[in-house]
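Fit chain P to the known structure of chain A by using the hints.
Chains as they are written, first to last, in the numbering used here: chain A, 40 to 152; chain P, 88 to 199.
Rather than coming from a laboratory, the hints here were simulated on the basis of the structure. Honestly, I wouldn't trust all of these hints.
Claimed, not checked - With a straight-line Cα cutoff of 20 Å, these simulated SDA-like cross-link-like pairs (lysine to any residue) come out:
hint : chain 1 : residue 1 : chain 2 : residue 2
1    : A       : Lys83     : P       : Ala116
2    : P       : Lys124    : A       : Gly79
3    : A       : Lys80     : P       : Val174
4    : A       : Lys90     : A       : Tyr113
5    : P       : Lys124    : A       : Arg148
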Amino acid sequence: EAGVTQFPSHSVIEKGQTVTLRCDPISGHDNLYWYRRVMGKEIKFLLHFVKESKQDESGMPNNRFLAERTGGTYSTLKVQPAELEDSGVYFCASSQVGNYGYTFGSGTRLTVV
Amino acid sequence: GENVEQHPSTLSVQEGDSAVIKCTYSDSASNYFPWYKQELGKGPQLIIDIRSNVGEKKDQRIAVTLNKTAKHFSLHITETQPEDSAVYFCAAGSGSARQLTFGSGTQLTVLP
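Extracted from the complex, chain A is given alone in its bound form:
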């Protein structure tokens, strides 16, 4: 079974630019989550999709962040325009409905300079 795939693995952009991160969950996993770890601190929740619907987006920091999951398959997280404080590692995770445990991807390390 293929795992959760994220790309790019690294991205360096200038402040004010736009970046789009992509996540391909495990096939059949209707739950998809985005998390972020900033500056070696805790991993913080951003949002949760069930299929193509946003179930909970309470962790999204502001309206510069836009997440989509068209067709209930892969998801994208766009940051526009990027700010310095957006730097960190963005993780995607997926799970089957009813399952407690997540499977995480390897993350995208975003550096805004």
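Relative to the frame of chain A, chain P by itself:
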């Protein structure tokens, strides 16, 4: 909302010794407590989890204990090996499809 505190932030042990990482949580509604191991360049990997109707769970060299009254839970690794070196995260959540609140992580180093 939920708040999870994790200690220590760094832990060094000699190979073969035991390692203990402790977490506390604030929301009594939390009922699911997973532990994740993150190796360099990889995403967090679930290594063990416990639900609030269980006080202790063991899987080979790894065990987790939960004290609901005190709102704390711990990870115990026995007979540590160099490959146990990684960052360990505790987390708390409620329900099977809810967000998890993570602790800030513990960098475990097992010295050969």
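Hint check:
no.	hint	verdict
1	A:Lys83 - P:Ala116	holds (19 Å)
2	P:Lys124 - A:Gly79	holds (15 Å)
3	A:Lys80 - P:Val174	holds (12 Å)
4	A:Lys90 - A:Tyr113	holds (10 Å)
5	P:Lys124 - A:Arg148	holds (18 Å)
Figure legend: structure checked against the earlier numbered hints; every hint is met.
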